[in-house]
Amino acid sequence: MVKCNIISPTKANRLFWLGRYVERVYMTLHILRKCYDRMIDGEPSDYELLKSKLDPSQTYKETADFTMGMLYDEGNKSSIISSLKFAFDNAILLREDITSESLSFIEMSIAFIKKCKSDNVMNITYLQNITDWMLSFWGSCEERITNHGELSVIMVGKSIEKMDLSLRFNYPFNTIDLIYTKLNGIDAGLRDLLFDSIVEKRLDDSIKQYRALSNGLAIDYGDEILRELNQLVKV
Amino acid sequence: MKRKNVKIGDLTDNMDMVNKWMERYGVRFGVYKGGVFKEQLFPFDSVPRIISNDDWLYLERGLKQRVKALNMFLWDIYHDKNIIKDGVIPEEFIYSSKGYMPECEQVDPFGGVYAHIAGIDLVEGKDDNWYVLEDNLRIPSGASYPMIARSITRKVSPQTFSENKVADNRDYADLLRDMMDEMNDGRGIAVIFTPGRYNSAYFEHSYLAEKTGATLAFPGDLFVENGMVYYGGMNKDEKKRVGCIYRRVSDEYLDPLAFEDSSLIGIPNVMEAYKLGNVALVNGLGNGVADDKGIYYFVPKMVRYYLEEEPILNNAPTYLPYFREDYEYVLAHLDKLVLKEVSEAGGYGVIFGRDLSPEKLEELKQMIIENPRAWIAQEVIDFKDLEIIEGDGFVERKADLRAFVVSGKETKVWKSGLTRFSRNPNSFVVNSSQGGGFKDTWILLDK
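Same order as they appear, the protein sequences are chains A and R.
Numbering-wise, the working numbering puts 138 at position 138 of the first sequence, and it's gapless, one number per residue.
Numbering-wise, the working numbering puts 330 at position 95 of the second sequence, and it's gapless, one number per residue.
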């Protein structure tokens, strides 16, 4: 059977957002774990900044509500369960591209988080399975997606989400620069199709500016670079 | 546990593990209840239906014969209509059928094949005879379920498959791929065209696309230009010609410019490309005229007419109230018959006379009198029960078999099938949309 090597606009959109949501699950769990650890025996000053960045609208007053809400609140679009569902909504439409094996890691994560929710599991360590499955998902994609363009689009989504969250949570510039370098490694042909060239130029200038200013360390990145990053992809 | 000379104890003991794998792979089907779409796991029972090699050889011959005759009938109806001219089937049965499409008159489908994938529903009677209950020639679904069930049960209980000699059914994707390649004939790519995620059989569409290597196309992905069908890429100039569409969208919604103009899930102008012979549609258009429940009655006559052979497979004893002698019989024996509305599918519109109160029987009688053409009546076949696992034990339930026949240059029968069973002890209705479950179907290799 002749393989179709071109990617439709709707498929590109799904691949991109699948990459973003899976990375969002992985990164948010990572940040939540850090926050949860500080909340075990720390003072509010130890975790308030992280907590307010994870929950900017201050929906959850108590730390217990915050943890449960960030994990299981389906009304909260930033919760782990919501991000997993959004990832699934895209993945289910891409089975023949990402393979049933890759999709199964998201299926298992959803079944598992629903079970944790019904059991009222608050100890975030129990959700380590989901972190492991997200990593397995990426490994499976690298191993099994045979269309290089499709793999590139999904990885662009992953890199943009990782960079977005790293900027929001003030990661060291060296980390952000590394993600940016990966994002920049995309094929020239695909770059023309995916990226808005004007925004790309502006983002590149911002990165150069931070490279000069930051000395590789964390600084206040401001909102402009986030806007540029989120406007970069056209699909 | 030992059944019919097969050993399945290890498999049935590991049912929980099988179900975990089913969940992992998302083996689901969708149903609309009260207008709301709900997806649920398709209940699987690990006790397989077992068909002996001799029985299978008989079924295989009968299924090939039946599908060949049905394909010849479809060609005839949309071309010369000899079967009507020769008085074998009254013309009103053709032209009043909802599945007849005048737009298909004189259209030559590639290779002359209309029903590339036929799903033939059978039951095994307690008299050891197999009976065909229904022919599904439009978009029959279900093959993916035993396919994935087999790959899972082999993982969970390899011992079961080394102890029993069972025909491997994981080649269904190969059968499909070969047929689609033949229909495509090197013209372009092959796609499986799905109406989308909220179709009840979406799992199957995506799974078959993965396993055949075909592209899964959604509404909006395909377009027609100068009588050719294309799959569009991200770049406006980027497109690939499509030579074969395995479409899982109903006839009436497939082309809004030719059929239902409110359809948002079709491909505008695909009918034009089909007529020009620039794209093969799998299955062809207009097949509904041959799987109409009213036409079912005539299938044995078709076999004799086109193939000059005696039908190998039996129909269930069927009456058409349209004919005077059957009309009298049906009205007099309503309480013993099963009545089916010819326009319904999926287990809907099936009425067992014995379950009705005298008032309801009278209502049914009036409906038949008002429109006899809208009904068929069948004797209730006392078909064999199959064992299913319930709790810690086994119980018996009604089950049917959907056999899949794939026709390209040759007609081939898939050595397996979807066995559906009723979970309700008092019910003969096995459809998944009515709460039924499914089993794998084993064809034994040893004589």
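Hints were generated in silico from the structure; no laboratory data involved.
Treat the numbers as computed from the prediction; the structure is a model and nothing was measured.
Note that CB positions come from ideal geometry on N, CA and C, so glycine has one too.
Hints are supplied without guarantee of correctness; some may be wrong.
Now the stretches of chain R that chain A is said to cover, found in silico as 3 or more residues with beta-carbon under 8 Å [unchecked claim]:
1. 251 to 260
2. 424 to 432
3. 461 to 475
4. 501 to 509
Right, here's what the structure says about each hint:
no.	hint	result
1	251 to 260	holds (count 3)
2	424 to 432	holds (count 4)
3	461 to 475	holds (count 8)
4	501 to 509	violated (count 0)
The structure is inconsistent with hint 4 alone, although it conforms to all the rest.
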